[in-house]
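> Chains A and B supply the protein sequences, listed in that same order.
The working numbering numbers the first residue of the first sequence as 1 and each following residue consecutively.
The working numbering numbers the first residue of the second sequence as 1 and each following residue consecutively.
Please keep in mind that the hints were generated in silico from the structure rather than gathered at the bench.
Small disclaimer: the values here were computed from a predicted structure and weren't measured.
The beta carbon of each residue, even a glycine, is placed where N, CA and C say it ideally should be.
Incorrect hints may have been included.
To be verified - Partial pick of chain A residues on the chain B-facing surface, computed with a CB cut under 7 Å:
#1 Lys42
#2 Pro68
#3 Phe82
#4 His323
Protein chains: 2
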Amino acid sequence: MTRFHFTIHATEGKARTGTIRMRRGEIRTPAFMPVGTAATVKAMKPESVRATGADIILGNTYHLMLRPGAERVAKLGGLHRFMNWPRPILTDSGGYQVMSLSDLRKITEEGVTFASHLDGSRHLLSPERSMEIQRLLGSDIVMAFDECPKADQPREVIAASMALSMRWARRSRAAFDAGGEQAESAALFGIQQGALDEGLRRESADALTQIGFDGYAIGGLAVGEGQEAMLATLDFAPQQLPGDRPRYLMGVGKPDDIVGAVERGVDMFDCVLPTRSGRNGQAFTWGGPLNLRNARFAEDQGPLDPRCSCPTCGSYSRAYLHHLIKSGEILGAMLLTEHNLSFYQQLMQGLRDAIGTGRLAGFAADFRRDYFAR
Amino acid sequence: MTRFHFTIHATEGKARTGTIRMRRGEIRTPAFMPVGTAATVKAMKPESVRATGADIILGNTYHLMLRPGAERVAKLGGLHRFMNWPRPILTDSGGYQVMSLSDLRKITEEGVTFASHLDGSRHLLSPERSMEIQRLLGSDIVMAFDECPKADQPREVIAASMALSMRWARRSRAAFDAGGEQAESAALFGIQQGALDEGLRRESADALTQIGFDGYAIGGLAVGEGQEAMLATLDFAPQQLPGDRPRYLMGVGKPDDIVGAVERGVDMFDCVLPTRSGRNGQAFTWGGPLNLRNARFAEDQGPLDPRCSCPTCGSYSRAYLHHLIKSGEILGAMLLTEHNLSFYQQLMQGLRDAIGTGRLAGFAADFRRDYFAR
Chain A
1 MTRFHFTIHA TEGKARTGTI RMRRGEIRTP AFMPVGTAAT VKAMKPESVR ATGADIILGN
61 TYHLMLRPGA ERVAKLGGLH RFMNWPRPIL TDSGGYQVMS LSDLRKITEE GVTFASHLDG
121 SRHLLSPERS MEIQRLLGSD IVMAFDECPK ADQPREVIAA SMALSMRWAR RSRAAFDAGG
181 EQAESAALFG IQQGALDEGL RRESADALTQ IGFDGYAIGG LAVGEGQEAM LATLDFAPQQ
241 LPGDRPRYLM GVGKPDDIVG AVERGVDMFD CVLPTRSGRN GQAFTWGGPL NLRNARFAED
301 QGPLDPRCSC PTCGSYSRAY LHHLIKSGEI LGAMLLTEHN LSFYQQLMQG LRDAIGTGRL
361 AGFAADFRRD YFAR
Chain B
1 MTRFHFTIHA TEGKARTGTI RMRRGEIRTP AFMPVGTAAT VKAMKPESVR ATGADIILGN
61 TYHLMLRPGA ERVAKLGGLH RFMNWPRPIL TDSGGYQVMS LSDLRKITEE GVTFASHLDG
121 SRHLLSPERS MEIQRLLGSD IVMAFDECPK ADQPREVIAA SMALSMRWAR RSRAAFDAGG
181 EQAESAALFG IQQGALDEGL RRESADALTQ IGFDGYAIGG LAVGEGQEAM LATLDFAPQQ
241 LPGDRPRYLM GVGKPDDIVG AVERGVDMFD CVLPTRSGRN GQAFTWGGPL NLRNARFAED
301 QGPLDPRCSC PTCGSYSRAY LHHLIKSGEI LGAMLLTEHN LSFYQQLMQG LRDAIGTGRL
361 AGFAADFRRD YFAR
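The following block holds chain A by itself, in its conformation from the complex:
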């Protein structure tokens, strides 16, 4: 049984394309992971998520621990069986959401105590509890528990937070390794912090590499710093992490963010943008984003994107999608989400093919020309 094996097939500049092999399936990189927050990729059946080309989805520890509860998911046979997704699942550690969603947080060396945004109940998340929850869920790729500070804080705050995350990374590693069966079948990723600071990012990368993980995430970006600052950080951060391990940029992003990050050596992504935007009437296309609420689409008989091969573009007009979104119809959310996830996967396939054949520079230039043409 292959627990976790990453092969790089080709490189172009800093960019790489490869395959991660795990017992529940292969993950082609660069990979985009649709977000399945509450044990569902919103408005999509799992077989439709797979049909878009997704090899792996993400589940949120914070949401699942509160509802339906990790122990309950375990009792029901684990997250894969519960939600009918037999392929790999990456679960985050809960560290990010507990900071952005919960109330009455208190951070100590031990972990974070907080009140649920659903019912106010008190909970503790610590490296040990996060590993336990991710084990109960049956996660394939487990994320170390970290603190994700806002990027605009003083260097000493960022440094202290990063140091805490590195101590938690060590505790996560120990707790994961003590997890019995899961330690033999799942993978554990560490998370680099340090905001926009090259020196702190280096310290964090070194600490993580010394502990040793199956893959390395770049955390603390896409938190409001803007694309320019993010890409400037990605000019150095990925290279500080081991080259033979997957690099995962958490919570990113817009299609152009992804292209820029792949050029800088990132292998994995997750983001709510294609699903959330789809529910709000926004479609991503090779010609840039479209807001389907706009009245100019009311009699537009064309597909969302003439270059797209998804079921939505094959069977429905912009006029119909405009009508559904204006009418608040669930089918509008379903069809736009399916298109957006398909578009993201077509983008990833384009990036993989381009790197595989040494055409990434041209692919990225063509992408930007068309995407920003309007």
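Assemble chain B onto chain A, guided by the hints.
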């Protein structure tokens, strides 16, 4: 080209099973028509609606005339192309919804003027305008324009309303016949009124039969009179209508309503119950309705209905559906709607098979025993 042809294959008592042949496809009777109010069967892709076994769906003239507008639908190639449903569509006349949904109604001999519930704009619905709208939509089965009064009013109010509906039925027939191409490809149904009164129902049936329609609907039921009064009316109303034409009971109903109506000679049904209930967390099963919000399902690993062959029952537990409904997830509405529509179609198939083999009495008895067992 077959415009409209109804063949009865078998009868048992008053019940019949048969086939309606139209240019866009066959309709097996007794038939249940899912409701696609605003050019979508809510929370379902059209191919999934078809996969449940539906031969025909219903569209609402009132909703479609207001949004996106009948002229716009025509410009976009008609309702079938707009919503990607190539099979037969029955459209109601708008008469029922204009009474139940709009504001500031004024009824005259000419028709009904009203204010849109969406934006307050003023509109007229008359027999002629209703026929025009249904022609613009491209309807396969067009309903005559009628007034649907509440059943609990004095006999003279019901009688006057019925007489008005019969005058409107004659105008509907004339306007439909003047509609050119549609008159040669679509069918027109008249609507019997008269509430619970056998004499008025007889007068209405005679008036409609004299005008002549492809099929005959029983209107003015399922408007709050209760199942007992409805079935008592169905003890005589269907038999007053021509036996060689399909009989359509509008807006009905619960599974047990449908079984009772089929036993009394009804051939076609439509109802929002399976779709609306699905979005609200209610599932119909052979063992009776289930409310998935109920905490007793939180750890129930069984399918919604062990006798059901739908995709939802094949892949998801009651516990997962409970979680989705509690979490307000769109996928919960999708999966429950798909199950409910599948259940309704399995019920119709069961009724058709039973009538075809002379087992309806036993089928209905078994159905009631299991459905009301709890």
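> Hint by hint, say whether it matches the structure.
Against the structure, the hints:
| no. | hint | in the structure |
| --- | --- | --- |
| 1 | Lys42 | holds (6 Å) |
| 2 | Pro68 | holds (5 Å) |
| 3 | Phe82 | holds (5 Å) |
| 4 | His323 | holds (5 Å) |
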